[in-house]
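Knowing the structure of chain A, use the given hints to seat chain B on it.
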Amino acid sequence: MKYLHLIWAALFRRKTRTFLTLVSIVAAFLLFGLLNSVRMAFSAGDSVDGAGRLIVNSRMSMQQALPESLGARIAAVPGVSAVASANWFGGVYQDPRNQVISFAVSPDYVDLYPELVLPADQRAMWDRTRTGAIVGAALAKKYGWKIGDKIPLQSTIFPSKSSGGNTWTFDIVGIFHARNEQAAGREQMLMFHWKYFDENNAFGSGTVHWYVVKVANPAHADEVAKAIDAISANSDHETKAQTEQAFQASFIKQLVNIGLIVVSIMGAVFFTLLLLTGNTMMQAVRERTSELAVLKTIGFSNRSVQAMVLCESVLLLLLGGLVGLALVSVIVPGIGAASGGMIPVHGVSASTWFLGISLMLAIGVIVGWLPAWRAMRLNIVDALSGR
Amino acid sequence: MKKFLINLSLVLLVVVALFGWTMLPWLGALALAVIFAAWLGFSRSGRQTASMTAVGVSTLRQRAGSSSVIVIGIAGVVAVLVALLAMGEGLTATLQSGGRTDTAIVLRGGSAAESASVLVHDDVLAIGQAPGIARDAGGKPLVSAELVVAASVKQQGSDEDANAQLRGVDAEAWALRPGLKIVQGRKFTPGLRELDVGQGAARQFAGMAVGDEVKLGTESWKVVGVFASGDAYDSELWADREAVASAYRRGNSAESVLVKLTGPAAFDSFNAALASDPKLKVEASTTADYFAKQSASLAKTIHIVGLTVGIIMAIGAIFGALNCMFAAVASRAREIATLRAIGFRGAPVVVSVMLETMLLALLGGVLGALIVWLVFNGYTASTLNGLTQVVFRFKVSPQLLWDGLKWALAIGFIGGLFPAVRAARLPVTTALREL
Numbered sequence: 000m001k002y003l004h005l006i007w008a009a010l011f012r013r014k015t016r017t018f019l020t021l022v023s024i025v026a027a028f029l030l031f032g033l034l035n036s037v038r039m040a041f042s043a044g045d046s047v048d049g050a051g052r053l054i055v056n057s058r059m060s061m062q063q064a065l066p067e068s069l070g071a072r073i074a075a076v077p078g079v080s081a082v083a084s085a086n087w088f089g090g091v092y093q094d095p096r097n098q099v100i101s102f103a104v105s106p107d108y109v110d111l112y113p114e115l116v117l118p119a120d121q122r123a124m125w126d127r128t129r130t131g132a133i134v135g136a137a138l139a140k141k142y143g144w145k146i147g148d149k150i151p152l153q154s155t156i157f158p159s160k161s162s163g164g165n166t167w168t169f170d171i172v173g174i175f176h177a178r179n180e181q182a183a184g185r186e187q188m189l190m191f192h193w194k195y196f197d198e199n200n201a202f203g204s205g206t207v208h209w210y211v212v213k214v215a216n217p218a219h220a221d222e223v224a225k226a227i228d229a230i231s232a233n234s235d236h237e238t239k240a241q242t243e244q245a246f247q248a249s250f251i252k253q254l255v256n257i258g259l260i261v262v263s264i265m266g267a268v269f270f271t272l273l274l275l276t277g278n279t280m281m282q283a284v285r286e287r288t289s290e291l292a293v294l295k296t297i298g299f300s301n302r303s304v305q306a307m308v309l310c311e312s313v314l315l316l317l318l319g320g321l322v323g324l325a326l327v328s329v330i331v332p333g334i335g336a337a338s339g340g341m342i343p344v345h346g347v348s349a350s351t352w353f354l355g356i357s358l359m360l361a362i363g364v365i366v367g368w369l370p371a372w373r374a375m376r377l378n379i380v381d382a383l384s385g386r
Numbered sequence: 000m001k002k003f004l005i006n007l008s009l010v011l012l013v014v015v016a017l018f019g020w021t022m023l024p025w026l027g028a029l030a031l032a033v034i035f036a037a038w039l040g041f042s043r044s045g046r047q048t049a050s051m052t053a054v055g056v057s058t059l060r061q062r063a064g065s066s067s068v069i070v071i072g073i074a075g076v077v078a079v080l081v082a083l084l085a086m087g088e089g090l091t092a093t094l095q096s097g098g099r100t101d102t103a104i105v106l107r108g109g110s111a112a113e114s115a116s117v118l119v120h121d122d123v124l125a126i127g128q129a130p131g132i133a134r135d136a137g138g139k140p141l142v143s144a145e146l147v148v149a150a151s152v153k154q155q156g157s158d159e160d161a162n163a164q165l166r167g168v169d170a171e172a173w174a175l176r177p178g179l180k181i182v183q184g185r186k187f188t189p190g191l192r193e194l195d196v197g198q199g200a201a202r203q204f205a206g207m208a209v210g211d212e213v214k215l216g217t218e219s220w221k222v223v224g225v226f227a228s229g230d231a232y233d234s235e236l237w238a239d240r241e242a243v244a245s246a247y248r249r250g251n252s253a254e255s256v257l258v259k260l261t262g263p264a265a266f267d268s269f270n271a272a273l274a275s276d277p278k279l280k281v282e283a284s285t286t287a288d289y290f291a292k293q294s295a296s297l298a299k300t301i302h303i304v305g306l307t308v309g310i311i312m313a314i315g316a317i318f319g320a321l322n323c324m325f326a327a328v329a330s331r332a333r334e335i336a337t338l339r340a341i342g343f344r345g346a347p348v349v350v351s352v353m354l355e356t357m358l359l360a361l362l363g364g365v366l367g368a369l370i371v372w373l374v375f376n377g378y379t380a381s382t383l384n385g386l387t388q389v390v391f392r393f394k395v396s397p398q399l400l401w402d403g404l405k406w407a408l409a410i411g412f413i414g415g416l417f418p419a420v421r422a423a424r425l426p427v428t429t430a431l432r433e434l
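Line order of the protein sequences matches chains A and B.
Going by numbering that gives the first Met the number 0, the letters in the first sequence line up with residues 0 to 386, in that order.
Going by numbering that gives the first Met the number 0, the letters in the second sequence line up with residues 0 to 434, in that order.
Only chain A is shown next, with the shape it has when bound in the complex:
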């Protein structure tokens, strides 16, 4: 630590060069932070809250409906502590482009999602209101909805009996918040009563699209899933039960192999960064040869000269990298908001910081190694005489 000012002075010996190198490092880590946040956002779902939940949908197709009567039979499976159901609704608000993530759910659905916070009085109000709907805070903010508003939604799938068209009317009776960041994506949802949906749906009734099952012990989730699938085996509505995590992961995998894209881009970026900073450090040591020799002459050991050069390169990487990641944490919430919840990013997660700082240290050591080794091996007499 006592050599910090010496290392600092050496780093800023050539201000222009250090500044230019820093900007490149900032750009590299800015990109790293952005891409990693997006990657994390799409691989989210491995939250603690979701661990004990199974999603049960039709084995034939995700859009295929299951009979509503199945719910009671699933609830009877040993190890199941609660069952709720949900239906696709395919809602749009005012314009076909304003898609609203909307589901018709059974009354106890929200109880299975402890990460969603709905005030008790609003919950009671929802239970009393047939056409009541609860909306996530982010969604309510997007369209300026308030409690007490009556809103029309068009369903892209289900015609409504009461309106004769596709328009369904809902009363907003509650606004829920997410308890933690992982669940923030759910603040884009609108939920209303399955009973209203079932009665008012011109396509007939008695069906649900998927069940959410809470298992008593998450460690037994697989056995419970098998037992649930066994109920409907060889019937015309075979089910597929899987953990919420597996359900989401299968979607993301099919969407795009984000992990692969991110890793290839970052590979290209960091390889270039290695070359760039390595080159800078080599130059820095080469032009300081005589200074390093003087340091050794006045008594610095080979080891401490080596350590100082190594620290200099790590410091360079840390400076640039931290600025880059700090920029990301400023930019990312903006991206999340601008995409209207399409890209569910909210900040730089702890794991991104951790991975980023590990990368800074690793790259710093790698690029500093050769110049540091040269500095250590420097022969005082040769260096001072300019040989």
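In short, the hints are calculated from the structure, not lab data.
Predicted model, so just to flag it, every value in this text is computed and none were measured.
Check before you lean on any hint, since a few could be wrong.
[Unchecked claim] Computed footprint of chain A on chain B; a stretch qualifies when at least three of its residues, placed anywhere within it, have a C-beta under 8 angstroms from a C-beta of chain A: (1) 63-73; (2) 145-156; (3) 207-219; (4) 313-326.
[Said to hold, decoys possible] Taking lysine to aspartate or glutamate and the EDC-like style, the derived pairs with C-alpha atoms no more than 16 angstroms apart in a straight line are: (5) Lys-239/A with Asp-221/A; (6) Lys-239/A with Glu-159/B; (7) Lys-214/B with Glu-159/B; (8) Lys-194/A with Asp-126/A; (9) Lys-239/A with Asp-158/B; (10) Lys-214/B with Asp-235/A; (11) Lys-214/B with Asp-160/B; (12) Lys-194/A with Asp-170/A; (13) Lys-239/A with Asp-160/B; (14) Lys-214/B with Asp-158/B; (15) Lys-292/B with Asp-94/A; (16) Lys-214/B with Glu-237/A.
Where is the CB? At the ideal position from N, CA and C, for every residue including glycine.
The following block gives chain B in isolation, referenced to the frame of chain A:
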């Protein structure tokens, strides 16, 4: 103050030059290159520039480390940018190329996509009666009512589930898509549980070879043929509509009706007839419009992501190039000062340093473009379109490669300009005295 003004005007020059450069078609660039070559060869300062550049280039080998930073950095930018844009272009081409102006698709009013639409049997019959529909040799209207289902299948080579688009079609469906050809086996027999699979689906999903039995829904289906179309249909499984409807309990409803019009001009009268029928609540669009709309937001997203990543990488590369060229200029300060002392002007100094940077940038750009072209042209990937998978190929078009090279040269231009000006403005006496 004077220095500040000079720097300010340089930045303005860069902005103007970049703006002009992005607008420039390749013919313009070629003309620029010819004019520049003429200047190099035939004017006095041009020949001075040429000889100075030759000296600079000949010393590149001693600066292999820093020159390779420029080349590889720019190659990386160009490679990533072109690859991402090629992905977007390939996907758009796949989703849009199935569209035609003489075929119309009819969905229930307000439906954004086929899977969100429902048409009852009476609607289908009424649509078939509308004017403007072409007829086959036997006088039958060319109309196909269709039903798509997201069927659960297994991914090829792994045990993971995937969603395939299973399309139930009428017999006329083949005539409605002239670009679609059976490449292996035969068409399915109406009424039987037989499948024709697209060539993309055959690659992507397990159990899709001719002769295979595959379980879709609760039933077993026999694969009897493979078709190729070069668009989004390549990712689909086709079967008889009645068979799909009964397997997935859809009754006799359909989701969309595809009709062949007598010509592109017939669309307006066809559309007007549907709109004026009070019993029908449907919307018609030509398939060209429909497919373009379907892929617009996806294409835009990929384009924006590609440009954002490209711009951030380009900023990194510009500063890398600046760094290397400042170092190069500093190490050659005495040599440049000597040249200026014996009568070389400022302009040749500036141009030669920039020329050197841009040559390195060009090398990087060509390298990056070449890598992407070799690795990614025709590379097959898949993504979800709505609920089901669509298989597409990356399309590295010459236009994209040219765009990549333009980016490379722009990075070289900025990266070279400031060091070049520094070199030219260095006072001769100070530079000569420097050790």
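If you draw a straight line from the CA of Lys-214/B to the CA of Glu-237/A, is it 16 angstroms or shorter? Since the Cα atoms of Lys-214/B and Glu-237/A sit roughly 13 angstroms apart, the hinted pair holds (cutoff 16 angstroms).
If you look at each residue in the segment 63-73 of chain B, do at least three have a Cβ nearer than 8 angstroms to any Cβ of chain A? holds (count 6)
Agreement of Lys-239/A and Asp-160/B with the hint, judged by alpha carbon distance not exceeding 16 angstroms: holds (11 angstroms)
Holds or violated: Lys-292/B to Asp-94/A, with C-alpha atoms at most 16 angstroms apart: Between Lys-292/B and Asp-94/A the Cα gap is close to 14 angstroms, so the pair holds against 16 angstroms.
Given the proposed pairing of Lys-214/B with Asp-160/B, does the C-alpha separation stay at or below 16 angstroms? holds (13 angstroms)
Are there three or more residues in the segment 145-156 of chain B whose C-beta lies closer than 8 angstroms to some C-beta of chain A? holds (count 4)
Given pair status - Asp-158/B, Lys-239/A, alpha carbons within 16 angstroms: holds (14 angstroms)
Verify the proposed pairing of Lys-239/A with Asp-221/A, using a straight-line Cα cut of 16 angstroms. Answer holds: Lys-239/A to Asp-221/A is near 12 angstroms, not above 16 angstroms.
Hey, Lys-214/B versus Asp-158/B, does the alpha-carbon distance stay inside 16 angstroms? holds (14 angstroms)
Satisfaction of hint between Glu-159/B and Lys-214/B, Cα-Cα up to 16 angstroms: This hinted pair holds, its Cα atoms lying about 15 angstroms apart.
Examine the segment 207-219 of chain B: at least three residues should have C-beta closer than 8 angstroms to a C-beta of chain A. holds (count 3)
Compare the distance between the alpha carbons of Lys-239/A and Glu-159/B with 16 angstroms, and conclude whether the hinted pair is satisfied. This hinted pair holds, its Cα atoms lying about 13 angstroms apart.
In summary, the structure agrees with every hint in the numbered list given earlier.
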